Amino acid sequence: MHLVRTHSTFMRVSWRLRCALVVILLACQCAPALAVVPASGQLVTLDQQLLSGRAVLLVSRYPKASGHSTRHGKAKAFAATLLFERPDRFRLVLHPGRKGERRIVGEAGKVRWLDVSSGKSGSAASEKVVDPLALLLLGTAGELPRYAALKDLYLGKPPQPMAAATLHPRAYGTSVVRALAWFGGGGITGLDFTLADGSRVFVSVLYFKANVQTRPGDFEL
Amino acid sequence: MNTTATCAPQLGPLRPAALPQLPPRLFLLRNVTLIALAVLLLAGCTLDRRGLLGLGRLSPQQFCPADTVTASFDLLAGETCPAGVDCAPYFPNVGITSNPASFPPASFNNYVGSVPFVPSADRVDVTFDTDRESVLIPTDRFDGGTRIFIQRSPVVDHTATTTRITGTIERELLHGGMCAGASPVNASVELPGPPQLSANLALVRLCNASPVPVVVTLPAPPGSVRREVFDLAIGECVASPGADVRTVSIRPQTPDLSARCGALEAIPPRALRTIAHLACR
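Protein chains in written order, with my numbering: chain A, 14 to 234; chain B, 63 to 343.
Certain hints may be false.
Said to hold, decoys possible - Beta-carbon label-pair distances, calculated as ranges:
#: 1; chain 1: A; residue 1: LYS112; chain 2: B; residue 2: ASN171; range: 50 to 58 Å
#: 2; chain 1: A; residue 1: GLN226; chain 2: B; residue 2: ARG289; range: 18 to 26 Å
#: 3; chain 1: A; residue 1: ALA138; chain 2: B; residue 2: ASP136; range: 23 to 31 Å
Claimed, not checked - Which residues of chain B face chain A? A few of them, derived with a C-beta cut under 10 Å, are:
#: 4; residue: THR132
#: 5; residue: ASP136
#: 6; residue: ARG214
#: 7; residue: HIS237
#: 8; residue: MET240
#: 9; residue: ARG267
#: 10; residue: ALA295
#: 11; residue: GLY297
#: 12; residue: ALA301
#: 13; residue: ALA305
These are calculated hints, taken from the structure and not from any lab test. All of these numbers come straight from a predicted model, not from anything done at the bench. All C-beta atoms, glycine included, are put in the ideal place defined by N, C-alpha and C.
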């Protein structure tokens, strides 16, 4: 169980049980009822208009089914925070505020990382360690349909409270076979990935604010 | 797609050569994926990328009788040959063959190509091979006065396999928990289909694999008003829920009390699971 509270302008994280997670207020109170808009259209619009963003995520990773079983094992869940700025900057923190916190920063084609508990650090070229689809989507704006075939998921007769779009990536060498993006309550709520090795990753988007102001110091380890 | 997972810290000999120096935990980065909103996510394993960088694909990888399977390759992957540029000098030569023979050997001098075929056996291996290890694609972008090229490297020859579906197959559907504003919800799931499975599969049985009783809703197909709703106890199954069903929606019968979706705190509901049994129509 995870519990996160926000205070004033920034959030203070407090972990209650194992994997923690944050939640924050939905930033865009004035957002229209987006669920009536096809999810693929919302994705394309976001891709066109997004310059930067801040997100708080709960990531659940399901291992691939083993042997003859078709059932995934128990999920491993962990929290992550993300700040990014197109075309090439991001700061990703895994297990924020916990033992095992890891910070990963990408900028100008290079990724650096720091394991806070052990103090180990390193760096590598972005194309060596970041999925090609991620690099494409970070580095381009409004070109999502070039790199992924989009289709709205049919959830029944409209209106529906949720909307979803499937993506079949065309990025060369990507690990993502298929992705599903969920919208509801005025914003994006989740992402569901099927990876090439058969494992699954479900991301609950607990907070997302688009086009945030960033400073150079935001992308330090 | 032939890939092998290699999870940290047991990085075996299949570890990509491009990542020799990273400490095991940093292999998390391998699955970082930025989707649409530039939301980056982490998964825990790295992949043997030889399959990912393999030249061709088969769709579906498991077929029903009378299905047409397509063997294809696409080195453009979203890029385009710029107008006014002759890309032909950069085209690779690609050969596609099958075993047992389901189509005559095909050869292409292009970035893309495909061969539709009806499998001649329950298992067909399709081999893609090319005359080069890397492929250049001109772009319409310039660095100074020099045209920028994209390089696909390495381009790996490989063999992909498609097999016939016999009987029923089962797939676990994962319904992740989310907060949609103030509402805790579980994601609906689209039944699996191409490119992994045939498009001609029907849902013949659906089971609740969640630790709680659930309400399953199967949306009426477009053009129909019929919508199926089932209460399923733990482990309970429903037979023949609907041949045309493509999506499974779910919620717990009683609200997940651990879930909190609000402005000041949010905990998404627990994930739910169902098992879909599928058979060829």
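Holds or violated: ASP136 (chain B) as interface residue toward chain A, Cβ cutoff 10 Å? 7 Å, holds
Under 10 Å is the threshold here; is the Cβ of ALA295 (chain B) close enough to any Cβ of chain A for the hint to stand? Since the shortest Cβ distance to chain A is 19 Å, the answer is violated.
With chain A as the partner, please determine if ALA305 (chain B) meets the hint condition of a C-beta pair closer than 10 Å. Not OK, violated: ALA305 (chain B) not within 10 Å of chain A, min 15 Å.
Does 23 to 31 Å hold as the CB distance between ALA138 (chain A) and ASP136 (chain B), or does it fail? With a Cβ separation near 25 Å, ALA138 (chain A) and ASP136 (chain B) satisfy 23 to 31 Å, so the hint holds.
Interface hint for ARG214 (chain B), Cβ within 10 Å of any Cβ on chain A: 6 Å, holds
Does THR132 (chain B) meet its interface restraint, that is, does its C-beta lie within less than 10 Å of any C-beta in chain A? 14 Å, violated
Holds or violated: the 18 to 26 Å window for the beta-carbon distance between GLN226 (chain A) and ARG289 (chain B)? The hinted range 18 to 26 Å is violated for GLN226 (chain A) and ARG289 (chain B), with Cβ atoms some 46 Å apart.
Interface hint outcome for HIS237 (chain B) [beta carbon to chain A under 10 Å]: 9 Å, holds
Outcome of range test on Cβ distance (LYS112 (chain A), ASN171 (chain B); 50 to 58 Å): Holds - the Cβ-Cβ distance for LYS112 (chain A) and ASN171 (chain B), about 57 Å, lies within 50 to 58 Å.
Satisfaction of the ALA301 (chain B) interface hint, Cβ to chain A closer than 10 Å: Violated, because the Cβ-Cβ distance from ALA301 (chain B) to chain A comes to roughly 19 Å (cut-off 10 Å).
GLY297 (chain B) as an interface hint toward chain A, with CB separation required under 10 Å: It is violated, given that the least Cβ distance between GLY297 (chain B) and chain A is near 13 Å, above 10 Å.
Go through the hint on ARG267 (chain B) and say holds or violated, using the shortest Cβ distance to chain A against 10 Å. 13 Å, violated
In this structure, the earlier hints numbered 2, 4, 9, 10, 11, 12 and 13 are contradicted, and the remaining ones agree with it.
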